[in-house]
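Undergrad: Residue strings, one per chain:
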Amino acid sequence: MKTVNILLSGVGGQGVLLASQILTRVAMAADLDVKQSEVHGMSQRGGSVTSHVRFGDKVYAPTIDPGEADFVLGFERLEALRNAHYVAPGGVILYNTMRINPSTVASGVATYPEGIEERIAAFADRVYAVDGLGLAEKAGNVRAANTVMVGAISRFLPIDENLWAAKIREILPAKLVDLNLKAFEFGQQAVAV
Amino acid sequence: MAEKAILSGNEAIARGAFEAGVQLAAAYPGTPSTEILENVAQYDEIYSEWSPNEKVALEVGVGSAIAGARTLVAMKHVGVNVAADALFTLSYTGIKGGLVLVTADDPAMHSSQNEQDNRNYGKFAKIPVIEPADSQEAKEFIALALELSENFDTPVLFRTTTRISHSKSLVSLAGRQLHGQPQLEKDMPKYTMLPAFGRLKHPVVEERLQKLRAYAETSPCNRVELNDRQIGVVCSGIVYQYVKEALPSASVLKIGLSYPLPTQMIRDFAAQVEKLYVIEELDPFMEEQIRLLGVEVAHGKDLFPICGEFSPQLIREKVLGTATAVNTAADGLPARPPAFCPGCSHRGIFTILKKLKVFVSGDIGCYTLGALPPIQSLHACVCMGASIGMAHGMAHVLPDSDDLSQKTVAVIGDSTFFHSGMTGLLNAVYNRSTSVIMILDNRTTGMTGGQENPGTGKTIKGDDTIAADIPAMARAFGVKEIVSLDPYNLQEVEEVLRAELAKPELSVIVVEAPCVLRYRVSKPPMQVDPEKCTGCKRCLQVSCNALGLVEEGEKSYVQIDQNMCVGCTVCAQVCKFEAIS
Ligand SMILES: Cc1ncc(C[n+]2csc(CCOP(=O)(O)OP(=O)(O)O)c2C)c(N)n1
Chain E
4 MKTVNILLSG VGGQGVLLAS QILTRVAMAA DLDVKQSEVH GMSQRGGSVT
54 SHVRFGDKVY APTIDPGEAD FVLGFERLEA LRNAHYVAPG GVILYNTMRI
104 NPSTVASGVA TYPEGIEERI AAFADRVYAV DGLGLAEKAG NVRAANTVMV
154 GAISRFLPID ENLWAAKIRE ILPAKLVDLN LKAFEFGQQA VAV
Chain W
19 MAEKAILSGN EAIARGAFEA GVQLAAAYPG TPSTEILENV AQYDEIYSEW
69 SPNEKVALEV GVGSAIAGAR TLVAMKHVGV NVAADALFTL SYTGIKGGLV
119 LVTADDPAMH SSQNEQDNRN YGKFAKIPVI EPADSQEAKE FIALALELSE
169 NFDTPVLFRT TTRISHSKSL VSLAGRQLHG QPQLEKDMPK YTMLPAFGRL
219 KHPVVEERLQ KLRAYAETSP CNRVELNDRQ IGVVCSGIVY QYVKEALPSA
269 SVLKIGLSYP LPTQMIRDFA AQVEKLYVIE ELDPFMEEQI RLLGVEVAHG
319 KDLFPICGEF SPQLIREKVL GTATAVNTAA DGLPARPPAF CPGCSHRGIF
369 TILKKLKVFV SGDIGCYTLG ALPPIQSLHA CVCMGASIGM AHGMAHVLPD
419 SDDLSQKTVA VIGDSTFFHS GMTGLLNAVY NRSTSVIMIL DNRTTGMTGG
469 QENPGTGKTI KGDDTIAADI PAMARAFGVK EIVSLDPYNL QEVEEVLRAE
519 LAKPELSVIV VEAPCVLRYR VSKPPMQVDP EKCTGCKRCL QVSCNALGLV
569 EEGEKSYVQI DQNMCVGCTV CAQVCKFEAI S
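Just so you know, the sequences run in chain order E and W. Positions in the first sequence are counted from 1; adding 3 to them yields my numbering. Positions in the second sequence are counted from 1; adding 18 to them yields my numbering.
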């Protein structure tokens, strides 16, 4: 199998790393070689967070270069735009439309840009905007927006349907499993492939 | 089939220590090394600790190794500077139980104050350097490094970079193997480095290096992958992965023991390829050694940068000359830097320091974020513990003045104070400093994710222990009066600071306020009355991510995110219109 490259981007505290974990564990269960890379340290303090996930028969580099991501999975729209140039020709951008003000905007140093959705759309032919926040709320908790996005991307990945629920059950604490399975399903339904 | 797990490099190092029978592990936190000890601490078979700084961690390790136990010590790259004094003479004494010092370097400075290449320490201290290229190797090479340490009676430097430490890949797991029972043996010429014994040891170290050179030729850490002979690449660590990705058909000499280098292996490899490339991040560490052999290097640092990280794309571009056509990144986007958490006790302090326009002699911790906009009030930051010494030096050379912009306030956190601020304070007392020193005690090592430290009353395992008492320590040093203040009361912060800055003597302010993130401190969230809010943005200057400006046509007002706000009231205190309550 050709290596699949997924670039995840969001804001510290949004669960980007948990989403990466679900993706890597699912790929591992599918008997693929997997690598994942992130830079943490400042992530808890509301900074930008990116995570690279790659899987296939044999994976060398743990990171993805700009222009080489089969998927850009954005957890917040400004962060999706910031990393949209990672998408490969013919690749897909999926992103959560929610807005989180960066500290520079919150403090009035900068303004939150207008027209983000149009700018993202210019980067790829296949772009899916998902109301991650709304769907997570519908599933029972706004914090499950990350799992909604995992559900959305699952529609595009060549991986056995059943592995997803199995891994979500394994990774998440028991009391959060049902909620996240629901969030996952809402995410799946949100994208028409 | 062996059990497999997906582990980060740091998790794999911890696993390697467990499997190889390590009995003691010590560290001081520092990105990207922190998770090594956090993971070692999960194994009850290994005694683990957070030491107050890297030098102490290494000294603890030296003791354990002299007693005969297999030992792991871990730190970030700059930590080795702190531990270097112990390291250089440990190279002379050698060990009994294997000792591996992990240094996690940070090319690109994702979360560091410099970009030093710690492979240089191997050459400088005359000890072997091992570099894994993925998590499986990180685990295997720990066992190998311990053996090397024991076989050659030397500490081993185990060097990772951020992309090794923080990348996950598949690792097959094994069980734990023990290596003998520690026991003390008195051997003064070996362990007591008086000049007379040291003089005997130096030639032993030089001989050891020669033996290590011979070993390097057959070390399982180094391997040749012959392929197309047009291009041959010498590389190590994460760069190996980038090279395989970018130049799948090239021949590769993969170096896992980067000091001392396998010279014959390099000569043979060079003779078999048309063009030899040496591709390495940061310093031309291998390249210079290879050129010294008289081996012709077609390209190295003439093509590749010394600063920053590499990527497959960079290597493709530099070696093949194929520039990848890539969309340019969206421009003009507001940056999203980290900021003080909502409710952080550092916010009020920096709001007032900014207002007073003093020179803030800073240190390293969450409070360093006080240098970022809009606060921008931390005017120097060099290394851990430096704030107090720097403020003391400034105060001694500056003329007496009432101008606050010519006065300094040192700001240091609890973990940093224990790390290396204590001696600075002792000096400030001893040498009659006139500075103002603020010790911000949030009861955690916050910046690196909230680890325990000598002041928290807990060990790395979460067990209760004695909590160091900072005011009592300052008193023991000779500080007469220790001032305390409530960092959430801006008026009090300002009054105390003004009063202390006016005094002609040393002033020590200890601020005790637990980290809101670590201890989940939370009060009911604040709210803005949109009728009273004039949209003046004054509150936004305290730099809180819970605040945001809403613009509705002509009118604008601030809104507070009810999920993020923890009710610290700092924003309300700066509001001129009593709009926040
Ligand atoms: C020599 C060295 N070791 C470790 C680090 C990593 N480091 C950066 S800040 C910090 C801890 C800061 O804790 P504290 O002073 O208590 O401040 P807080 O972040 O809690 O406000 C550490 C360990 C470093 N920069 N330099």
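Any given hint could turn out to be false.
[Claimed, not checked] Covered stretches of chain W, going by a simulated chain E footprint (3 or more residues, C-beta under 8 Å): (1) 340–348; (2) 369–383.
[Said to hold, decoys possible] Per label pair, the in silico range of CB-to-CB distance: (3) W:Asn245 to E:Ala177: 45 to 51 Å; (4) E:Gly118 to W:Ala389: 56 to 62 Å; (5) W:Asn132 to E:Gly118: 35 to 41 Å.
Read the hints as simulated data drawn from the structure, not as lab findings. Nothing here was measured: the structure is a model prediction, and the numbers come from that model. The beta carbon of each residue, even a glycine, is placed where N, CA and C say it ideally should be.
Undergrad: Each hint: holds or not?
TA: Verification of the supplied hints:
A count of 7 residues in the segment 340–348 of chain W with a Cβ less than 8 Å from any Cβ of chain E is obtained; the coverage claim is therefore met, three being the minimum. Coverage of the segment 369–383 of chain W by chain E is violated [criterion: at least 3 residues with CB-CB distance below 8 Å; count 0]. At about 50 Å, the CB distance of Asn245 of chain W to Ala177 of chain E agrees with the hint of 45 to 51 Å. At roughly 32 Å, the beta carbons of Gly118 of chain E and Ala389 of chain W sit outside the given window of 56 to 62 Å.
In this structure, Asn132 of chain W and Gly118 of chain E meet the distance hint of 35 to 41 Å, their C-beta atoms being roughly 39 Å apart.
Hint compliance for this structure: hints 2 and 4 are broken, all remaining hints hold.
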